[in-house]
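K.L.:
Given the sequences, and given the hints that come with them, work out the whole structure.
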Amino acid sequence: MSAALAPAAPAASPVAAGRRRRARRRRLVVTGLVMTVLALVVVGLCVGERLYSPVDAVRVLLLGEQVPGASFTIGTLRGPRVLTGLLAGVAFGMGGAVFQTMLRNPLASPDIIGVSAGASAAAVVAITLLGASGSGVSVVAVVSGLLVAGLIYALSWRRGVQGARLVLIGIAVGAMLESVISYAMTRAGIYDANEALRWLTGSLNSAFWADLGPLAAAMAVLVPLLLVVARRLPVLQLGDEAAAGLGVRPDRARLALLLVAVALVSVGTATTGPIAFVAFLSGPIAHRLLRGAGGLLVPAGLVGAVLVLAGDLVGQHLLVARFPVGVVTGVLGAPYLLWLLARTNRSGGRL
Amino acid sequence: MTLLHPTPTASSGGRSASLRRRRTVGLTVAVAGLALAVLASLAFGTRVVGWQDVVAGVLHPDTDVIAQAAVQSRVARTVLGLLVGAALGLAGAVMQGLTRNPLADPLLLGVSSGASLFVVMGIAWLGLSTLTQYVWLAFAGAAAASALVYGIGSLGREGATPLKLALAGAATSAALSSAVSMVLLSRTDVFDTFRFWQVGSIGRADLADVAQVAPFLLVGAVLAVGCARGMDALALGDELATGLGQRTLVVRLVGALAVVLLCGTAVAIAGPIGFVGLVIPHLARAFTGPSHRWLLPYSAVLGAALLLLADVVGRVVARPQEIEVGIVTAVLGAPVFIAIIRRRQVREL
Numbered sequence: 001m002s003a004a005l006a007p008a009a010p011a012a013s014p015v016a017a018g019r020r021r022r023a024r025r026r027r028l029v030v031t032g033l034v035m036t037v038l039a040l041v042v043v044g045l046c047v048g049e050r051l052y053s054p055v056d057a058v059r060v061l062l063l064g065e066q067v068p069g070a071s072f073t074i075g076t077l078r079g080p081r082v083l084t085g086l087l088a089g090v091a092f093g094m095g096g097a098v099f100q101t102m103l104r105n106p107l108a109s110p111d112i113i114g115v116s117a118g119a120s121a122a123a124v125v126a127i128t129l130l131g132a133s134g135s136g137v138s139v140v141a142v143v144s145g146l147l148v149a150g151l152i153y154a155l156s157w158r159r160g161v162q163g164a165r166l167v168l169i170g171i172a173v174g175a176m177l178e179s180v181i182s183y184a185m186t187r188a189g190i191y192d193a194n195e196a197l198r199w200l201t202g203s204l205n206s207a208f209w210a211d212l213g214p215l216a217a218a219m220a221v222l223v224p225l226l227l228v229v230a231r232r233l234p235v236l237q238l239g240d241e242a243a244a245g246l247g248v249r250p251d252r253a254r255l256a257l258l259l260v261a262v263a264l265v266s267v268g269t270a271t272t273g274p275i276a277f278v279a280f281l282s283g284p285i286a287h288r289l290l291r292g293a294g295g296l297l298v299p300a301g302l303v304g305a306v307l308v309l310a311g312d313l314v315g316q317h318l319l320v321a322r323f324p325v326g327v328v329t330g331v332l333g334a335p336y337l338l339w340l341l342a343r344t345n346r347s348g349g350r351l
Numbered sequence: 001m002t003l004l005h006p007t008p009t010a011s012s013g014g015r016s017a018s019l020r021r022r023r024t025v026g027l028t029v030a031v032a033g034l035a036l037a038v039l040a041s042l043a044f045g046t047r048v049v050g051w052q053d054v055v056a057g058v059l060h061p062d063t064d065v066i067a068q069a070a071v072q073s074r075v076a077r078t079v080l081g082l083l084v085g086a087a088l089g090l091a092g093a094v095m096q097g098l099t100r101n102p103l104a105d106p107l108l109l110g111v112s113s114g115a116s117l118f119v120v121m122g123i124a125w126l127g128l129s130t131l132t133q134y135v136w137l138a139f140a141g142a143a144a145a146s147a148l149v150y151g152i153g154s155l156g157r158e159g160a161t162p163l164k165l166a167l168a169g170a171a172t173s174a175a176l177s178s179a180v181s182m183v184l185l186s187r188t189d190v191f192d193t194f195r196f197w198q199v200g201s202i203g204r205a206d207l208a209d210v211a212q213v214a215p216f217l218l219v220g221a222v223l224a225v226g227c228a229r230g231m232d233a234l235a236l237g238d239e240l241a242t243g244l245g246q247r248t249l250v251v252r253l254v255g256a257l258a259v260v261l262l263c264g265t266a267v268a269i270a271g272p273i274g275f276v277g278l279v280i281p282h283l284a285r286a287f288t289g290p291s292h293r294w295l296l297p298y299s300a301v302l303g304a305a306l307l308l309l310a311d312v313v314g315r316v317v318a319r320p321q322e323i324e325v326g327i328v329t330a331v332l333g334a335p336v337f338i339a340i341i342r343r344r345q346v347r348e349l
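Line order of the protein sequences matches chains D and Z.
Numbered per UniProt numbering, the first sequence spans residues 1 to 351.
Numbered per UniProt numbering, the second sequence spans residues 1 to 349.
No lab work stands behind these hints, which were simulated from the structure alone.
Fair warning: there could be bad hints in the mix.
Pairwise CB distance ranges (calculated) [as the list claims (entries may be wrong)]:
| hint | chain 1 | residue 1 | chain 2 | residue 2 | range |
| --- | --- | --- | --- | --- | --- |
| 1 | Z | 151 | D | 288 | 21 to 31 Å |
| 2 | D | 31 | Z | 193 | 30 to 40 Å |
| 3 | Z | 342 | D | 225 | 28 to 38 Å |
| 4 | D | 318 | Z | 127 | 26 to 36 Å |
| 5 | Z | 290 | D | 36 | 53 to 63 Å |
| 6 | Z | 151 | D | 291 | 57 to 67 Å |
| 7 | D | 19 | Z | 290 | 55 to 65 Å |
What you are looking at is a predicted structure, and each value in this text was computed from that prediction instead of being measured.
Where is the CB? At the ideal position from N, CA and C, for every residue including glycine.
P.N.:
Structure representation (structure tokens):
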């Protein structure tokens, strides 16, 4: 339609016009999301019990100046909180989108099929039973997230891996791990248990510069790696036979994608706890914004960052009591989840 | 009425003879297993107790002897284990029959989470504290969650396929547990009670509690058995069932009521316990074939036996502490679930 309205480009075929339109839409969406993330970062740094100007934030964080008050509030408290939220949001968003696209089911996000539960269970056991803290917990969470995903993958292997089987087995493994979490909670002292619950809910309250370094380093490796491996994703979406016909070995490509996506989600979970539904919501929201205009991963990562940052602001300032971000995203995510379930079922269960 | 509609399993002569033999042998095995489980539940525990004390502790306990007092506390626990296990086994069989879904289980389909959420809200906001109050809340929660999950899972052309139901259940559980956390985070005092209840345990039973909930379980069991024939017909598909004179809607409603009563009561008194309802009907079907009139009683007997055995395992492996039965059933049950999925073609699911 718009090609007909633009007679100035006579050589353009409808295909090329469509491609240009999609590229334009994609640029628009990505730019819009980046601006939203930046705005949320600024609000997150400047707004709180005391307001500071963005200039103060720049002076403290980028120029390293000493500003009375702001150096502590922004430099020590809000800075790591906002940056951790940003990075974890990107990790959840991208990781979740990989799962959903690859398994061709919007419900197959890591929260639902037990990967987050794997990382959480190990972390809670480490906190409550082994008395671990700090980066030890993170390492345990990442390793066990990978192990659990590997286990789910291996168990669903029967002459190849089918999405439906993997989802169901993931649900079973997830249920088992939830009971391990409950067990660890009963063995903990009340103080540890409260810590663990707060952590299990997904929270930015314990975000410090020290944890930000490992998270940033891990993501600096994983995100580019994911973008490279994800070139196989559109082919995988055509179905296994078509993919094999196009020279892609579906199982191997899927395994590589899964590994990187799991690592991302586990790294995020290790830092903040499993912030509910971010991995689950980001992909579908990005999908709706793009309307088929190009790759989902980068926009999904940005949507994840928006969800975490906005959810944390709501949980901090807009509710009667202070709630961790995971509670906000959990409660907001639930209605969407139910709507999505109803809608995808009507159209036959595809994304 | 019953004579006019013979079940399909009774149709062929030779098969039915061998099936009858299998059912009789199976029943003997199941009852013997249950008896063993009861004995084990009385005899083994965190404290090691001699056989004489076990016998004395059950028959006429001398509460000054610690060993006999321990055995006496196991009696209440055993009775509760029997009831809860039977209830979960029955509930699982009814859920699988109603939804024609081999993966149905109260915990996995979100029914238990619904009951949990309502109980937690009742404790935190309404200040409820007695078991009878929990029971009614748990019914309401179980009913709401099962209606939601079944409603969502059965939208669409193919109806409630196992995959859709399992996903709807897992997703609903995730959403409900978020809501539970929200309540708990704002009320630390409630959390300390709740975390012990949430794992699923029969360890803090006393006979007065058991007596309070037994009537609900009895009604649930009667309703479940009452729609056995209807579920046999449902297995043939809704149209054939209607053709055989079954009112499918009535069967579904009565069955759902039975599930709500059985699961809600079990959750209220023992917390959410998973996988018993899933595994037991599969085990029972190996003996009974598909007929629900056989499947249901078998599931009750085997469910009770499994829960007691799981509880005994939990008491013995972690001495001097114990592991709650809900954790043992999850650790034992999840592999069975996975085996069921692996054995089937995904298209059937």
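K.L.:
Would you say the C-beta atoms of residue 151 of chain Z and residue 288 of chain D sit inside 21 to 31 Å of each other?
P.N.:
Given about 24 Å between the Cβ atoms, the range holds.
K.L.:
Within 30 to 40 Å: is that where the Cβ-Cβ distance between residue 31 of chain D and residue 193 of chain Z falls?
P.N.:
With Cβ atoms ~50 Å apart, the hint is violated.
K.L.:
Is the hinted range of 28 to 38 Å satisfied by the C-beta distance from residue 342 of chain Z to residue 225 of chain D?
P.N.:
The hinted range 28 to 38 Å holds for residue 342 of chain Z and residue 225 of chain D, with Cβ atoms some 31 Å apart.
K.L.:
Can the suggested window of 53 to 63 Å be confirmed for the beta-carbon pair residue 290 of chain Z and residue 36 of chain D?
P.N.:
At roughly 56 Å between Cβ atoms, residue 36 of chain D and residue 290 of chain Z fall inside 53 to 63 Å, so the hint holds.
K.L.:
Within 55 to 65 Å: is that where the Cβ-Cβ distance between residue 19 of chain D and residue 290 of chain Z falls?
P.N.:
holds, 56 Å
K.L.:
Verify the CB-CB distance for residue 151 of chain Z and residue 291 of chain D against the hinted window 57 to 67 Å.
P.N.:
Violated: the Cβ-Cβ distance is about 29 Å, outside 57 to 67 Å.
K.L.:
Is 26 to 36 Å a correct range for the gap between the Cβ atoms of residue 318 of chain D and residue 127 of chain Z?
P.N.:
Once the Cβ atoms are compared, 28 Å apart, the range 26 to 36 Å for residue 127 of chain Z and residue 318 of chain D holds.
Consistency with the previously given hints fails for numbers 2 and 6, ordered from lowest to highest.
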